[in-house]
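Order-wise, the sequence lines are chains W and R. Just so you know, we're using the working numbering here: the first sequence kicks off at 1 and counts up by one. Just so you know, we're using the working numbering here: the second sequence kicks off at 1 and counts up by one.
Treat the hints with care, since some could be wrong.
Because identical chains cannot be distinguished in the list, a pair is counted as satisfied if it fits within a single copy or across any two copies.
[To be verified] List time: in silico BS3-like cross-link candidates among lysine-lysine, alpha-carbon distance up to 30 angstroms:
hint, residue 1, residue 2
1, K93, K80
2, K89, K237
3, K69, K80
4, K2, K217
5, K69, K89
6, K93, K69
7, K237, K69
8, K80, K232
9, K217, K274
10, K217, K232
11, K274, K304
12, K274, K237
Worth flagging that the hints you see were computed from the coordinates, not collected in a lab.
There are 2 protein chains.
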Amino acid sequence: MKVVALAGGVGGAKLVDGLAALLSPDDFSVVVNTGDDFDYWGLRICPDLDTVCYTLGGLANPGAGWGQKDETWETLNGLKSMGGATWFKIGDKDLLTHLRRTELLAERRSLSSVTRELCSTWGVNHLVFPMSDDPVRTIVHTAEHGALDFQRYFVQFAYQPVVRLFEFCGAEVATPAPGVLDQIGAADVVIITPSNPFVSIDPILAIPGYRQALEDKVVIAVSPLVGGQALKGPAAKMFHELGVEPSASAIASHYRGLLKGFIFDVRDQTELEKIERWRIIGLLTNIIMHDFQDRIRFAHEVLKFCESILIRSK
Amino acid sequence: MKVVALAGGVGGAKLVDGLAALLSPDDFSVVVNTGDDFDYWGLRICPDLDTVCYTLGGLANPGAGWGQKDETWETLNGLKSMGGATWFKIGDKDLLTHLRRTELLAERRSLSSVTRELCSTWGVNHLVFPMSDDPVRTIVHTAEHGALDFQRYFVQFAYQPVVRLFEFCGAEVATPAPGVLDQIGAADVVIITPSNPFVSIDPILAIPGYRQALEDKVVIAVSPLVGGQALKGPAAKMFHELGVEPSASAIASHYRGLLKGFIFDVRDQTELEKIERWRIIGLLTNIIMHDFQDRIRFAHEVLKFCESILIRSK
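Bound-form chain W, shown alone:
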């Protein structure tokens, strides 16, 4: 079975890690949101790409959901003493990624080519695609502060402002990264990982080509919510602020039209009926991944579910 995953940060990265442990690099690749990318200390930072790649490379800080394990903070502390920006925490190991990426981008290499090179450094053998080599920037329109760059909203304001609208600047003129539509074309299943639908998955879908490519595919999604709560981050808060009760079915509804299958937590089993009414096949399971064993266990369930849907579709 050939699989492509669409992913944002932490939640997506965990499932991607489990899938990569079960599927060979020929059979599994990932498309990662780059709407969060930004420039900081003059360097190009790609938070979701880094989270996915660090996770796949075994370099991720398991506690934080960002950055590398066993970090030191000499540079951050040094810049702090010089009055530099420190609201986004970059460790000394993590810094190497941003320096090397910025160096390669300055040589006019594309982000997908740079990402391949970084992955090879980290021993990441599965293909990790940025959603596009073109700049797409997620802007969060907020009640209190107007339009905010995503990282300012997310990190500097700790996602406290009330969201009104999301905008993916540049998406309409961006194109999918080279090769990515071929991967989707060759895939049996596309998995929308448990990432934030508004700011991790929607930026990908906003780029012309993706939605159309998914329409011909078996697409399944995994809920990032359990009991109406986000496992991490502001997904539930965003639903509330946009006037929608956060729930597994709200996620399924968000992707309605694309989905053949939807995986959500047993604690949300009362929503199964609603979801199946939309002709989406539901799988109830424990979707929380605490450790690597959970990732493998859950990825295995996800793949079995995909297989069963593929058999039904034939």
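Mind docking chain R on chain W? Use the hints.
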């Protein structure tokens, strides 16, 4: 006495350090070559500005002539293991400068404003001006490799290629940094420090406004050569390759038309007659500065010489 110095890297920085110890920030400022500036690891590097500022701030690595003292090399080693460029050595402390500068430039601050902010961080109280806020890039045309960016010629090729010509791209449309012509206008004396005439001082003089500003001034220069040898760097080699015998008088001749006074080493006393024939007042002394005491001693002699010329000029 109000003094402005024109400076490049090491030699210039040493004299500047001595002068700064003897003259107050109201009476002494420095204009520094930025023709060597370049981008590396995606960061803006200003080698001569850094050498001058590190020297004034007591941060310089006394042995190397570049970088900071007590350096560590974690980032450089990390990038090396990732296949990054390492031909230009950036230490972990030095890196903070380039990150902070690049961050501030990305906020559309001018290089002179950024330099003031960095100086304030380092406790450098004398004004240090980049020669211009506009980009000027020194290109070295060589026999073997054609046109080379200055740092590639200087560091990567260890100044081995034979020079044919120097070009200061952008100089003709650059303007002196804000306030710098006022400083020169208010100065009693302008000192051309013992830096490389071709690649440290000529880039400054190539910017419209400087040469004219100096024409009304008492200008003195200090030779960077002793006995036809450069104290550091390729100055003597460059003279040879351009068909001129390197000597104190070759330096004086290079600046002829601008100079009222010229300071060179006692070991070159046979050249005094030639230099005085050009109506340049000569001072023979020991121009080598090994340590901080030498810098003070020599700066004191330089200032006394300037005073004597000012008295003669009145």
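Now the hints, each set against the structure:
When the C-alpha separation of K93 and K80 is checked against a cutoff of 30 angstroms, the pair qualifies both within a copy, at 17 angstroms, and between copies, at 13 angstroms. Only within a single protomer do K89 and K237 lie at most 30 angstroms apart by alpha-carbon distance; the minimum there is 24 angstroms, versus 47 angstroms between protomers. Within a single copy, K69 and K80 get their C-alpha atoms as close as 21 angstroms, and across copies as close as 20 angstroms, so both meet the 30 angstroms cut-off. Taking the shortest Cα distances, K2 and K217 sit within 30 angstroms of each other inside one copy (12 angstroms), while across copies they are farther apart (77 angstroms).
Both within a single protomer and between protomers do K69 and K89 lie at most 30 angstroms apart by alpha-carbon distance, with minima of 13 angstroms and 26 angstroms respectively. For the homomeric pair K93 and K69, the shortest alpha-carbon distances inside one copy (9 angstroms) and between copies (22 angstroms) are both at most 30 angstroms. Taking identical chains as interchangeable, the C-alpha atoms of K237 and K69 lie at most 30 angstroms apart only when both belong to the same chain, with a minimum of 29 angstroms there against 50 angstroms between chains. For the homomeric pair K80 and K232, the shortest alpha-carbon distance inside one copy (28 angstroms) is at most 30 angstroms, but the shortest distance between copies (35 angstroms) is not.
In this homomeric assembly, K217 and K274 come within 30 angstroms of each other (Cα to Cα) only inside a single copy, at 23 angstroms, whereas the closest approach across copies is 87 angstroms. Proximity of K217 and K232 under a CA criterion of 30 angstroms is satisfied intra-copy only: 29 angstroms inside one chain copy versus 67 angstroms between copies. Proximity of K274 and K304 under a CA criterion of 30 angstroms is satisfied intra-copy only: 23 angstroms inside one chain copy versus 93 angstroms between copies. For the identical chains of this complex, K274 and K237 are intra-copy neighbours only, at 22 angstroms inside a copy versus 83 angstroms across copies, given an alpha-carbon limit of 30 angstroms.
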